[in-house]
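There are 2 protein chains.
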Amino acid sequence: MTKQETIQETIKTKPQTATWIWYPGDFEIRLHEKMSVKRRARGVPYPAYWRLDRHYSNVKFRYTYDLPHEEQISIKAEGSYSLYLDGRDNYRSDEPVITLPAGRHEISVSVFNDVEMPALFIEGPNLRTDATWEATSYQNDWVSAGTWTFESPSVPPSAFRLAVAPQEPASVEEVQGHPLLDFGRETFGYLRFHNLQGKGKVRIYYGESMSEALSIAECYSLDRFDAGEAALQAEGGIYTLGAAKAFRYAWIHADPGTTWDRVSMLYEYVPVTYRSAFECSDSKLNEIYAMSLYTLHLNTREFFLDGIKRDRWVWSGDAYQAFLMNYYSFFDLDVTRRTLIALRGKDPLVMHFNTILDYSLYWFVSLYDYYLYTGDFAFIRHYYDRAASLMDFCLAQRNEEGLVEGRQQDWVFVDWADLDNSGAVSTIQILLARGLEAMSAFAAELDDPVASGSYRSLAEELKAKTLSLFWDEARGGLLHHRADGVTQPMLTKHANMFAMTFGYLSPAQQERVIHSVMLNPEVPQIRTPYMRFHEMATLCESRQHDHVLQEVRDYWGGMIDLGATTFWEEYDPSLADDAHYGMYGVTFGKSLCHAWGAGPIYLFGKYFLGVRPLSAGYGTFVVEPQLGGLGWMKGTVPTAGGEVEVDMDASRIRVRATGGHGVLRYRKGGQTIESPIPEDGSWLEASLH
Amino acid sequence: MTKQETIQETIKTKPQTATWIWYPGDFEIRLHEKMSVKRRARGVPYPAYWRLDRHYSNVKFRYTYDLPHEEQISIKAEGSYSLYLDGRDNYRSDEPVITLPAGRHEISVSVFNDVEMPALFIEGPNLRTDATWEATSYQNDWVSAGTWTFESPSVPPSAFRLAVAPQEPASVEEVQGHPLLDFGRETFGYLRFHNLQGKGKVRIYYGESMSEALSIAECYSLDRFDAGEAALQAEGGIYTLGAAKAFRYAWIHADPGTTWDRVSMLYEYVPVTYRSAFECSDSKLNEIYAMSLYTLHLNTREFFLDGIKRDRWVWSGDAYQAFLMNYYSFFDLDVTRRTLIALRGKDPLVMHFNTILDYSLYWFVSLYDYYLYTGDFAFIRHYYDRAASLMDFCLAQRNEEGLVEGRQQDWVFVDWADLDNSGAVSTIQILLARGLEAMSAFAAELDDPVASGSYRSLAEELKAKTLSLFWDEARGGLLHHRADGVTQPMLTKHANMFAMTFGYLSPAQQERVIHSVMLNPEVPQIRTPYMRFHEMATLCESRQHDHVLQEVRDYWGGMIDLGATTFWEEYDPSLADDAHYGMYGVTFGKSLCHAWGAGPIYLFGKYFLGVRPLSAGYGTFVVEPQLGGLGWMKGTVPTAGGEVEVDMDASRIRVRATGGHGVLRYRKGGQTIESPIPEDGSWLEASLH
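Line by line, the protein sequences are chains A and B.
Sequential numbering of the first sequence, starting at 1, is according to our numbering.
Sequential numbering of the second sequence, starting at 1, is according to our numbering.
All clues given are correct.
If several chains are the same, the list does not tell them apart, and a pair holds so long as it fits within one copy or across any two.
Heads up, simulated PhoX-like pairs for lysine-lysine below, C-alpha to C-alpha not over 25 Å straight-line:
1. Lys668 - Lys606
2. Lys76 - Lys38
3. Lys284 - Lys606
4. Lys634 - Lys668
5. Lys34 - Lys346
6. Lys76 - Lys34
Quick caveat, the hints were computed from the structure, so don't treat them as lab data.
Build the full structure now, drawing on both the sequences and the hints.
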């Protein structure tokens, strides 16, 4: 097919709808810039403490058309724009409607916008902006234009807002003469005052817990407004506050003479579909699963956030887990992609993601998981260069032994725990090796065997070195770190968990790790849901399902017993009363709705219902259900091409699936049996007796 | 002195005035972003076609104070801000007035602004923002805060505007029933309508020439407005147009019934001091000098522009010359520094400055000249890292022979001429060598002998290689370029001029170049004032002053004879009538007020009055006046520490100077004589007989 034919073909098959286009990645980067400064601590701005990348203000778009007849097009841009044909840049137009000549021509449109992201919308009978247009930031970088769901000229990308829905409080009671609203569970949105009257001040004290809302002096979130001014902004008799908050309770103090009919809220959310389900014979676990979904949903927003009260930021290690939970629940790829792009940001790479060395490394693993669960290689292709340059940046940090160490300016996090992360930390090497494997897989998919082989060798070398330098045969695990060329005696679970999950240990080593490290009470216990996520996964991979269920009942169930309606940033059963709500030396500093608290979604979907992709996009997958001591369980896991339903009790497993080639794996009479799952969506039943 | 004493000392000696502070360089970068999109071609935006860098939206400031008593401070910021003490970032305030505790404390203020540059102004009895505060962009980069002349809390950096002054047209005549305003000479600013009445449309056609203003269909700049809407925006009965333009003429068409009393303008300018003077026995040259000053002044704006009608952009090669002219006229260092910072922009370096390889290289030479003429090493120190990384970027482009070549995406400009700049161009190597010498000098000044020596070796190596590969002994000059390992036969003046000016040629080679290249009519002639600038300088350095004066009379005088009131982008005496005004295939595309047209300022100051710094900041300098056939001349050149006055005729030289150690050098009786210039400012007189 000649080039000209390609173009005519393109025009013929154009979608009927034009769409806003922009420089790819800039929508996410601009949105991330805005969202990263939404956090308020007692009403005072608390911006993220890393460089916030910005959209290119000066961009250009181009497209070559071939039209049999002249055609009138209308042009809309966010920003000032000018259009010209065939490179004649001295002859420009900024008219909103122009007539394009017939024939083959290259159309160029420059757009400048230093406030919102430059974007373009062109609509004609045949010629329309869409992802087949190209964009440049004037850096020798003509790339496919970015697009999403903006198909109306009157709703440009900068107008993007999450969905909202009105909600009423579950109860209102007077406390010390002021109304205390209880919305029944943790929520997020904008309070609304109906028929506000008077001229006084109104003060609102929010709480994720009742104690917090009733603590005027120490609640984390608050609002203040002047009723007179507010009434002027009311629409249809309703004044909606400007800034959304996370809360369950709101205690409202008003000056005398200031009144309203009632206070409700606008719940703000991403309209995800709850595509997963899990139900079992233990109602506590069912409650934990439902609460996990809601916890994750609240944190599934413009991006996957760490927590909705605090920090309201995009943290790469937190997002890594949210991505996995999402694959086992909403399977919302828009939020996933937005988060991956925002985290990578722009060049130059100076600091690590969120200033944390491990958080740069998680990003590669997240990208690989995205590919594995969705099969969407087009996305990987778009961002491969940014991944490769990030890898260069990470590799440049290797010490003379070839191990990556934190620089002076780096935070080596690993976990919220009292860890000495100086020198080369084993967990870091394992995450880097996994990142290198991901890069190798991407390069192979891009038909670049040289790059693929090079990444593969680096990964193998690093894995071998890590095992040789950190493995302590006597203690049966990987030691924590190595300083000044000497591996230090500290033993932690962290590196062992990742090495096991990534398949870096021999069966004998795995066995040692389970018993000498994971189940060894002498090894420091993990206190954050963040690392418990990995810990529980690792235990499941070692078939410790019964143990895991008991942990879930105790740990997540413990929060529910304390009145949680969403899961917390951290939970220490030894604390009493309001001490649970403090963190970072701040009385109500703890986030009570933290994405990483929703780990049971992943555990139940991947390790109990047992659904796992074996190749990209669930092209092939396995279903290996485990009751873990439950009487029965049933549930659904969404996949790239459909879904998997599982229904199991002690006597039989029923499974059905749509999309991809699945296999049911189970044990019967001491044997492992694999049965193909019917591809017509009908049930497969396997008797366990 | 202990650290604490230092701080108390600092407080004691604090200036009485607080000043706005910001992340250093961002004021210039934000201003450059705004100015780079001011160009309009027939009213249509024509933005610069390179990446426009942007200010950091998220920054933090810090300062450690030690106060004997608590103190109330007031805080103003451009952007949302929060303040905390002693790293307690969970306890922030955004109150506009707070009381600081006594004692030693670290104050931190985070400021976010995604529209204008984040800036901070704090004022208390003792504690005030100034350049001793530090700023970070959260990239492990605590640096001295940027400041300038913003000392009023009510005039923040984003309010920066050039000065304006009302001006009246020199004449108004009716042409085809519409008033044609003539402001007497080229100017720049905003038209103003006094007592505008009626509701019709008004159209304004601007012209740098009368032909342009009278060409409704082809004039480059135009305005359109609705008189009814405009009248609403009038202040004191005067409607001032929103966008400034370059013009001498304005032809105004209005719908019937739309009237005004008169039209004037607001001239917009930088209030520079005309610190230089030149007067001689040839009144034509005096006229050329005055017109050069005015041409340069009009282009001396937020930055040194190429031209005020077109492009209104900051081009590095153009600025290189404007910097030199400025040292011999206004000595305005603010515009110089702003331009140097804006040109360098931010990382990552992907494309060369203005997309042009040579333009990155001129920047090093410009930076060196800044140091030589001003002695301000503090500025160099601030930007040394950005210079070093730019040099890395340039050096990475060396081919296997060690010569720098343009990449596919690079524009190798050299000159507006029909040049083949493929392969390794000799001019580029010479500019790079000069850049390396500059870097070596800076590194030495920074007490980094290793870096200094390394840059020096690279420079020496490159110079030697260039001379060996490009010098053609038979033809007596450096050939133009080398492709595929073979030096091509093309001979041009360009590399020869730079090699001579930078002192890279032996006396014998210099002699050959003058006669075989510079004065050889067979070698392609230079047609742009851009390269004539260098050509004339080179001829002066070879003591061809008489020849140069004749060239100046012909070339610059030729433009005056054609009615120029400022000097042009290009001048070809062979063209007729309005053909002079065309360029780039656009009828009135040529800029008639182009900075590079003002070269005589530099020639007269440096080579006729003969004033040249010998060491940084005119610590030592030489005055070597040359009449070049003139009967007499007198004049003034500003220096870093004062000024030099020269008064010369055929029989004697009189010179006096303030600041630095100067020496008068002159020839008498076949001998070169050097006499120290008195440091008390009194006249030194040397008889030439």
